[in-house]
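Work the whole structure out from these sequences, hints included.
Residues in the sequence shown are numbered from 1 upward in steps of one, following full-length UniProt numbering.
FYI, nobody ran anything at the bench for these hints, they're computed from the structure. Source: prediction; values computed, not measured. Some hints could be false.
[Stated by the list, open to error] 25 Å max Cα-Cα, derived DMTMM-like pairs, lysine to aspartate or glutamate:
{"no.": "1", "residue 1": "Lys-193", "residue 2": "Glu-105"}
{"no.": "2", "residue 1": "Lys-82", "residue 2": "Glu-159"}
{"no.": "3", "residue 1": "Lys-12", "residue 2": "Glu-36"}
{"no.": "4", "residue 1": "Lys-82", "residue 2": "Asp-35"}
{"no.": "5", "residue 1": "Lys-24", "residue 2": "Glu-142"}
{"no.": "6", "residue 1": "Lys-13", "residue 2": "Glu-110"}
{"no.": "7", "residue 1": "Lys-84", "residue 2": "Glu-142"}
{"no.": "8", "residue 1": "Lys-230", "residue 2": "Glu-14"}
{"no.": "9", "residue 1": "Lys-219", "residue 2": "Asp-50"}
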Amino acid sequence: MNPQYLKRTIVKKEIRSRYLDEVKEIQVYLPPQYDETVTYPVLYLQDGDDYFNLGRIATQANQLIYEKDIRPVIMVAVPVDKSKRTAEYSPIGERNRLYLQFFTEELLPEIESEFPVDRTPDGRVVGGSSLGGTVSLHLALEYPEDFRQVLSQSGAFLEATIDRIRQTVSLDDLVVYQSIGKAETAVPTHMGKLDLLARNREVYRHLQDKQAQVHYVEKEGDHTWGLWQKDIPDALRIFFGS
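Take a look at the structure:
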C-alpha cells in the first residue's frame with residue numbers, strides 16, 4: 001500500500017451535550033491537501049470510533065481521494081457509549097429522541113461552525129452499520145430538511161422503522177445506499193435472532209414505494225466488520241464519486 005494512504009489527518013473535538021448529559025469526543029477526518037477555504041461534503045458516522053479503527057475508513061478514503069475515485073470529503077466520527085447504544089440508536093429506545101436532538105441541534109452546529117463542511121442536506125451524508133444504519137435512516141425520516149442522504153450497512157431495522165416509512169407521503173428527495181450480507185439471516189441481538197436479510201429487503205420495498213432513490217446491494221458476508229470494511233469503498237463512491 002502506498003504510504004501516503006496511511007497519513008491520516010484527524011482532529012479531536014469535545015462536544016458537551018445537554019440532551020445526553022455527557023461529553024462526546026468527536027473525531028474529524030480531514031482529506032489530503034485540506035484547504036479551509038474550500039467547502040467539503042461531509043459524512044457523519046454513527047459508531048464513529050469503530051469506523052475509524054475496524055472499518056479503516058480514513059485510510060480507504062485517502063486511497064480513493066488520491067486515486068481520484070471520490071471527491072475530497074470531511075468525515076465526522078461520532079462515538080457512542082456501548083451501554084447506551086440500543087437506547088440511543090433504536091427507534092424504540094428510551095434515549096432515541098434525545099440522541100436525535102443532540103445530533104441535529106448540538107452536533108451539526110458545532111461541526112459547521114468550526115469546519116468548512118457543506119451545510120445543505122445535499123452535501124451531508126449520515127451513516128452507520130447495524131443499529132447505526134437504523135438511527136441514520138430515522139434522522140432522515142424525522143429531519144428531512146437536514147438529511148437526505150443515508151448510508152446503511154446491515155441496518156438492524158425494526159417494525160417501528162417500517163411503520164415510520166409508511167407514515168411518509170413521499171421520500172423522493174431521499175438517497176440511500178443500503179447493503180446487507182446474504183448470510184445475515186439469524187443475527188444474534190438483545191431481542192433474539194433476527195433475519196436482517198429479510199428485514200432489509202422489506203425496508204427496501206417500502207422505501208421504493210415512497211419513491212426513495214435506493215442503491216440496494218446484497219453481498220457475501222455476515223454481520224461483521226469483515227463485510228462492512230470491504231463495502232465502504234462502494235458506499236463512498238455512491239455519495240462522493242468524482
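Going through the hints against the structure:
A C-alpha spacing of about 35 Å is found between Lys-193 and Glu-105, which places the hinted pair above 25 Å, so the restraint is violated. Proximity of Lys-82 to Glu-159 is assessed by CA-CA distance (about 23 Å); at most 25 Å being required, the pair is judged to hold. Of the pairs offered as hints, the one joining Lys-12 and Glu-36 holds, with about 16 Å between alpha carbons and a cut-off of 25 Å not exceeded. Distance hint between Lys-82 and Asp-35 is unfulfilled; the C-alpha atoms sit about 34 Å from each other, more than 25 Å.
A threshold of 25 Å between alpha carbons decides the hint, and for Lys-24 with Glu-142 the separation of about 22 Å falls inside it, so the pair holds. Annotation: proposed proximity of Lys-13 to Glu-110 holds, straight-line Cα distance about 9 Å (limit 25 Å). Taking the CA atoms of Lys-84 and Glu-142, the gap is about 21 Å. The hint holds against a cut of 25 Å. Restraint check: the Cα-Cα separation between Lys-230 and Glu-14 comes to about 30 Å, which exceeds 25 Å; the hinted pair is violated.
Between Lys-219 and Asp-50 the alpha-carbon distance is near 21 Å, which keeps this suggested pair within the 25 Å criterion.
Checked against the numbered hints above, the structure breaks hints 1, 4 and 8 and satisfies the rest.
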